[in-house]
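Q: The lines below spell out each chain.
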Amino acid sequence: MTDPSLNEPEPKEFEQEERELEKHGLHFELNRRTFMQTAGAFSAAMAFGLPETASAKAPAAAMVRTVTLSVNGSPRPLSLDSRTSLLDALREHLDLTGSKKGCDHGQCGACTVLVNGRRVNSCLTLAFAAEGAEITTIEGLAKTADPKDIGELHPMQAAFLEHDGYQCGYCTPGQICSAVAAVEEYKRGALSIVSLHTGKVDHPEMTDDEIRERMSGNICRCGAYPNIVAAVRTVARGESA
Amino acid sequence: MNSFSYERATALEQAVRAGSAVGAKFLAGGTNLVDLMKYGVEKPTTLVDINHLELAQVTTNPDGSTRIGAMVRNSDLADHTLIKPRYPLLSQALLSGASPQLRNMATTGGNLLQRTRCYYFSDVSFSACNKRTPGSGCAAIQGYNRIHAILGQTDKGPKSGESCIATHPSDMCVAMAALGASVEVEGPKGKRTIAFSEFHRLPGSTPWVETALRPGELIVAVTLPPARFSRNAYYLKARDRNSYAFALISVAAGLEIASGKIASAGLALGGVALKPWRVTEAETALQGKAPTPEGFRQAAEILLHGAHGYEHNSFKIELAKQSVVRALTLASRGTTEGGEA
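Protein sequence lines correspond, in order, to chains F and X. Using our numbering, the letters of the first sequence map in sequence onto residues 1 to 241. Using our numbering, the letters of the second sequence map in sequence onto residues 242 to 582.
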């Protein structure tokens with residue numbers, strides 16, 4: 001469950017925002033703070049009133065316990081329901097909202113994170129099952145955690161910036177995490193179906209066909225693919241962004 | 242999603258005991274199970290997490306066969322030094338399936354137990370699905386059945402409690418069928434081995450019974466016989482986009498060629514039935530002959546004998562035949578030659 005207070009801006013920012021909006025003739029009857037509180041209470045009611053939870057023939061008692069997830073190098077103890085996906089644990093409980101929820105069914109790749117260095121869909125990973133693993137999210141890739149410091153970005157982040165590998169940006173954190181792993185896989189000689197079907201089974205070159213196949217688990221609805229391929233190509237070939 | 246309790250198994254006996262309880266399911270990669278739990282199709286009351294069992298090894302047996310632990314991930318299996326050079330058919334099939342993220346999660350055992358991707362099965366707003374609700378009928382027969390079966394299906398009309406025209410979605414299993422694998426399971430009554438061709442069930446009159454597994458049984462390994470098709474193998478997958486889509490038709494083709502003649506063949510189809518479709522007569526028909534398009538077409542005709550299509554998938558019958566010819570042709574040219582001719 002989202003705690004609305006976590007995402008709430010400072011009151012000063014609110015007032016300034018509302019003044020700015022009113023200056024342009026925009027006025028909210030329901031201000032944002034009230035909306036957040038109402039929405040929070042509403043979705044809480046929805047979660048507890050889920051028909052399937054209530055009407056199942058032999059429902060097991062809701063299982064809530066403390067798990068400790070290791071995220072970006074820090075142990076994070078959390079009290080979670082067994083149903084919580086790793087993605088929801090990151091976004092709703094740890095406020096690490098870089099990982100995105102697109103389809104929530106393992107089809108779009110927006111939720112991609114690294115678990116023990118391997119790229120996985122965090123929406124299909126249960127948080128309980130991730131206990132004991134090292135989890136790296138988009139927030140953990142750069143050398144510094146300061147979002148304003150772009151001098152210390154991971155080379156893949158820098159390459160996406162340089163090549164404009166996004167439009168709306170929603171799929172970007174998943175694309176970047178996936179691309180980081182794709183380059184690691186390539187460097188240790190992992191093959192793709194493109195390598196096998198073209199007979200290049202001994203350290204294939206990272207051609208654009210290879211990049212497209214190896215990045216096929218990440219969908220970009222804006223269609224920024226050519227620039228994403230360019231960014232991955234740059235890092236895979238060791239050229240600086 | 243239903244509430245469930247979670248138990249992490251650290252020993253095989255513990256897993257089998259916990260997995261035998263009513264409402265319990267084993268959690269491996271979770272790529273299919275968790276997905277279906279979100280849809281409300283799977284409703285386990287206990288998940289037994291088997292990810293920490295010692296089942297992730299690939300080893301060679303003294304007789305040259307290869308034993309793959311049930312928890313070996315699809316990506317690791319495809320790239321394994323005991324698999325890639327000896328069973329390229331399996332590596333190709335694995336790397337044709339899903340996405341890199343899913344292959345990093347999905348396991349060998351879990352892949353065997355993938356449920357169908359029939360939309361009328363995974364969407365609970367359709368009431369008729371004999372797999373999900375035995376006796377409710379089959380919405381696919383008169384629905385959008387592009388991805389559905391042309392072989393081995395049960396069609397007694399959309400209202401029959403026996404009808405089911407779903408397909409099995411796996412690529413890995415198609416290659417394992419062609420390779421003649423076997424499945425090792427451990428259950429409350431001990432260990433047993435199931436031939437790959439016996440593992441998955443056609444719908445028959447009980448579409449909800451999908452495998453030969455008995456309650457509480459856990460897949461512990463898959464064994465591949467000594468490699469025969471390392472030099473001549475091709476996995477062909479025809480689908481609606483170039484990557485990351487389920488097969489409309491797939492073909493696993495392996496040939497053992499000696500002095501210009503086919504000594505033995507392994508051939509199986511995916512995307513056509515509720516199990517990998519293998520007809521041994523099609524394989525024996527190839528034996529002793531030179532690899533020619535005519536011979537390949539004859540094998541394809543045997544394999545597709547009795548095929549029956551629906552409004553949206555009749556194209557699959559000829560597509561399957563041509564895919565068989567193409568896969569066998571590319572296999573006969575040699576695995577390392579590269580197939581995109």
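Keep in mind the hints are simulated off the structure, nothing from the lab. Check the hints yourself; a few may be wrong.
[Said to hold, decoys possible] Per the computed footprint, the stretches of chain X lying under chain F, defined by three or more beta-carbons under 8 Å from a beta-carbon of chain F, are:
1. 244 to 256
2. 315 to 329
3. 337 to 351
4. 487 to 501
Cβ atoms here follow ideal geometry from the backbone N, Cα and C, with glycine treated the same way.
Q: Does the structure break any of the earlier hints, and which numbers would those be?
A: 4
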